[in-house]
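Working from the sequences, and respecting the hints, build out all of it.
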Amino acid sequence: MSSLGKNNIAAWAIIAACGFSLYGCRKPVVASSAETNKAMELAVPAKGKYTGAYIDFGDREDDVSVEAIENFENLVGKHQAIIASSSYWGEQTFPTRNLEMISRHGSIPLVFWSPWDRPYLQNRGPDRFSLLEIIKGTWDSYIDRWADAARAFGRPMIVSFANEMNGDWFPWSGAFYGGNKKVEGQPNDWEGPETFKKAYRHVVDRVRARGASNIQWMFHTNNYAEPNETWNYPPAYYPGSSYVDWLGLSIYGQQVGGDDWTPIEPLITWPYDQMAAVDPAKPIMVAEWGVGEFPRAGDKAAFITEGLELLGAHYPRIKAAVYWHERWQNDDLTYSNLRVNSSVEALQAYRAGVADPEWLSKPIWRPVRK
Amino acid sequence: MPDSSGYASFVFADPSGRRWPRLRRIILLVLAVAFVGGVLFVRTLFVTPQLRLPLTLRHLKGQLKSLQKVNPAPPPAPLQIPLWQKFGEARKASKKITGSAPPAFPRKSAAREVHLAFYRNGDPYSYASLEQHAGQITHVCPEWMAVVNGMGDLQIDADARLPKLAAAHGIALMPLLTNLLGDAWQPEAIENLASAGAPRQSKFFDNVLAALRAAKAAGVVIDWQQVDPAYTDKIADLVSNFADALHKDGRELWICVNPGEALDLADSDKVIEKTDRFVALLYDETSEDETPGPLSSRGWFDGWLDVLLSDADPRQWIIGLGSYGYDWTKGQPVADQISFAEAMSRASFAGAPGFSAGAPDYNPTFSYDDGDDEHTVSFLDATTFLNELRSARQKKVGGIAVFRLGTEDSAIWDAMKLPANTRLNASTQERLGILKGTDTIADIGEGEIVSVDESRSDGLRRISVDGAGNFTAAYLHFPQFPTLYHQGGGKPTQVSITFDDGPDPKWTPQVLDLLKAANIKAAFFLVGVNAERYPDLVRRIVAEGHEIGNHTYYHPNLGACWPEHIRLELNATQLLLETITGRTTTLFRPPYAADTSPSGINELLPLEIAQDLNYLVVLENIDPQDWSRPGIDVIVTRVKQQRRDGNIILLHDGGGDRSETVAALPQILDYLNTRGDTVVPLSTLLGTTRDALMPPSLGGAHTMVRLVSGTGFRLLRNVEELLWAFMIVATALTVIRTLVVVWLATRFRRRVDHFAEPVSVLIAAYNEGKVIAETLRSVLASQYGAEIEVIVIDDGSNDNTAAEVEAITRDDKRVRLLRQKNSGKAVALRRGLGAAQHGIITFLDADTHVQPDTLGFLTQPFADVRVGAVSGHAKVGNLRKFLARCQALEYICGFNLDRRAYTRWDCVTVVPGAIGAARKAAIAEAGWLSLDTLAEDTDLTLSLHRKGHRIEYAPAAIAWTEAPETVRALARQRFRWAYGTLQCLWKHRDLTFNWRYRALGWFSLPSVWFFQIILVAITPFVDFLLIASLPFGIWAAVLPFVIIFLATDLFMALLACLLEGEPLLHAWRILPMRLIYRPLLSYVIWKAAFRAFKGVWVSWVKLERTASVPART
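Chains as they are written, first to last, in this note's numbering: chain A, 2 to 371; chain B, 89 to 1201.
Quick caveat, the hints were computed from the structure, so don't treat them as lab data.
The calculated lysine-lysine pairs, modelled on DSS-like cross-linking and capped at a C-alpha distance of 30 Å, are:
| no. | chain 1 | residue 1 | chain 2 | residue 2 |
| --- | --- | --- | --- | --- |
| 1 | B | K1182 | B | K909 |
| 2 | A | K79 | B | K728 |
| 3 | A | K137 | A | K183 |
| 4 | B | K728 | A | K363 |
| 5 | B | K1175 | B | K1075 |
| 6 | B | K358 | B | K322 |
| 7 | B | K291 | A | K79 |
| 8 | B | K728 | B | K418 |
| 9 | B | K252 | B | K336 |
Pasting the structure below:
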């Protein structure tokens, strides 16, 4: 009996030791599981929503670093299921290193693949990467190279190609390609949106043809169109179910000093309903959201608190929200501070909001269904 | 009757006389072999191994070349309107300039021009420059604090030496308070603080004030950048409250103003009113993360100066002048900040043809190519300084600030002395034109694998004034500074892991297993001693594809070593590694290189020696200080923090408990993996192969050398291990013995029996004329309950001994005198024994006085019939000399304490001849007094033990003896004792470790063997070896032993004094006593041992009597 007791103690000691040693060399379990099985993709969570962020990755939105990600996670107190960053066509590269970092970190990379050229300034109109050039095939070899690199990367990723095309600031906006002009012979189609769809399909087709099946595609509009006219609404731009895995929305409150403060609810509800109607089968992601800190104009903390509550509970088809954590200086030397920590109160609000277990901190994987 | 045969058969006698010659021959032979072996071994160490290092790795210097780009590419589309004009106009447009007079500068305006100097923490040049130019500096602004967040928390990282240095030179300390954390500004911290309520703000003020008070600072300089101008009003309030808090505490508030940042704060009336000074940082026109451009061009500087000072009181303003440079590497986002010296070094080594700085920028610049990348250097020098200084002084500003100490062109200190409207005369020109090649070390290149160039020379520039009245400089000849060339920068995603101080049998295998599992190749910098001990680990490291490097043999601090020593360390390790692995290694890392870059010229020497021996010096720039065991998480975090700026990680697999390192390694690898880094061997960082860095050795001729060196190393290690083992065992035994003795001594109980039988007192005397009479009188004065008989045996004295005794016998018939021709003390005592009439014999030395009660106490134990002999309590009576006082202490805490203790277990080893007593019957039973040893008392005592008699100690039976007062006399006495003790130990060697004699066999006799013979004999050699090894940095390891030894000594002395009722203060003498006694005792032991081997009889060496024991009654 006593010797049995001793054995038990020894066994416990061994178990405890194993436990410690496992703890000592813990591995990012999620990343390795995605690594080992290539045919996985991001699942649409049955319950809860992914939390994610874009984290001030610099002027080209591609200076990703583990340090920045970890700092942000420490700030908000939660691991990020989604980390967003950009791949600008002007760089002519595929951000393999960024995506690997994000992926190994245990997050899924969301890439804004934006066809524009240096110096990447808004409101300049189409450049050498115009939608027409894309459709013509001018950039096919770049698209192919990009696709090959994506396939080589191999792990699940989400690509938002040419986002916010229903605005008028990016060079790929429908407004720059004939806008509301009717397409000859097709009285229901407008030239701007039709050009966009063609370019979108062209790009997705080519990438798929190269075998980059690890990509989920996102159709990503601004919450409100600019100009706010029917031809410029998301349904007109929608390239079709087979080209889209996620529906994306950008939702921003006040960003610069002179603008008006808007509460968040109307920024979401109408666009959500509209987007939900575009395709009843697809999950919706708030691919970008954020608000500046303007103490005299409005209460950022309240905006965030309300935003996280609404996004978390009130829109069943929204399955993820990616916060745009950035601070930049405007031409008039004022700053737009969208960061979650622009004030102590804002940070507290964000931390408290995402602490809700409804906000999922890790991607859930499922086998690819295609 | 005692047998009275002569001395023919004494212990150690060697009648044939062959023992010594034979022994001598053996000793000589051993010495000869050891000498030849030693010479051969040392010679192998000085044979410099032939390292073959790829030429390209050795001569980075040759790869620098100047680029003939007279004008660097113009900056992209210059702004139509300079920024300062925009600011100026914006300011006019706002309410500011309303024609009203500028608000008066509120504080006392110092008569003296303020000279503020910016100081960088951790930069030794900053410190050196501050020291050197202290006389010209009125205020120093060191990096000190950063606002961490809106809660008012501070991160303080200060140079603790500054308050003292500043105070010593009368410089006001003005610590810098930024919002910079790492390399990121934290505007939110300031914005949040500004919008926070009073409690948070006052907490912040308190935090700052506490730091300032602790530093004895005169005030604080705030430099808050990238703050949203939307918060200006709130920040103005914050600053104003802050100023109030500071002023209340008698401290000043200075505010840095950065051109380009909004100026609203400096425009706020409230702030102007409360701020003591504004410091305009008029440099960094082109910042490090922009494309190359001027750092402070003429137009830009004057433009900003105008804007800032218009509508302001210039006396409130301090103008910051830059004196530093940037080196932009093409394709890299951020430039390196470099010093003026480094700019000169780059120009010099690149062979730049000379250039001048003139219109329109007046900002010197040049380009070069380092073989891989194109570089553009822009810097500020004495001429830019002079131009700006003149502009500033014309505005009658309150002072200037130098950015920064350590990077400046040293000529600016001369320039500063020039009067306001300087004309350029010949002497000024000359003074500013000579470019002194100082000891400042310049760094060139990327990476932490370095080589040194110590050449130094002066350079020359021509300073003139151009048409526009500006100073210009033409660089004709560049000065050379001691230079560190860096290589091994590698690709941004490449990182190397290095392990120092191994191999270690416990940790190295674990590290190797982890590396193997991750398929990673690292570099191990091995310490020679460890490699020699664990050659299999070294082989495993190499076999598993890792690189090995030389980390010296004993891990000394090379900064404190002679060049020969350094070479020896390197060669010894190299030979050893070559012997073990069959490869040489060209990698070397100096021990204690924790703070990456050498900063003093003396630190370069080891590197230079290593370089002369063809090594590549590998430093590190990611140093989580795992050796200090800060915690696993801390190690990992530190690696994360430093990874952005470094690519060689330093960890340790030896030299202590490395469990944290082993635990942190997988996390570090995980992190690097996540980061997208590739862990590569050093050879990859250098763009070469492992074989190039670790070429297989040539073999052949080297075999013999390696055999000799291998054997040498093994022997050395064995000797060292033996020493350590001895130290540890000796220390342990000493402590154990001390505890036992102390325990026993405190348990000693005195007998109080009644005993009064007649006593015969025997005194052997040889030339004791001076003292014998006094001794006899003391004995005769005894108050003893029975008859006393005193027998003096005059052993053939040739002085008046006999006469003195006879004079007494006339008065007192109890005294008898026997005379014999000189035949030794033992013979004399035997004769006395024969003549003694009583059953109890007391032995007394002729120089030893007794007290009236001594005989009574001494004989008391005989009441117990088992007791065969009793030891008296000898004390030193002559306390005139320090040497004698030391012996007094020795008697107290050595002999008497021991006897007290031994009595308890009946194992007293000697009843001293000076004062002792024995039953005559017992003496007869023990075979009378034998003549074959010099220590007849010890011999008799041991013989009595054999016969089963108890031996006791009577501490109350005090006798005052005379101790030698000269070292010489002491040495003679102790030699006699040592020889006698050796003889007795040898004669009675069967008693030692003999169960029949219990405590005597297992405790007191082994004690004598070990503590009085072996330890005493060896200690000086151990001392010598330890002192000799101090340069190798092991003193820290030895210290505890030394302390334990001394503490034990002191403890025993204190206790003995306590037991004997001596003043406790006397106990301290035990410490200096050690110094005198250890070598002396060792000497006599060795002498006695040699005599023993030789088999020579030692005559009764006579103590010189001085009759210095005062008579006691």
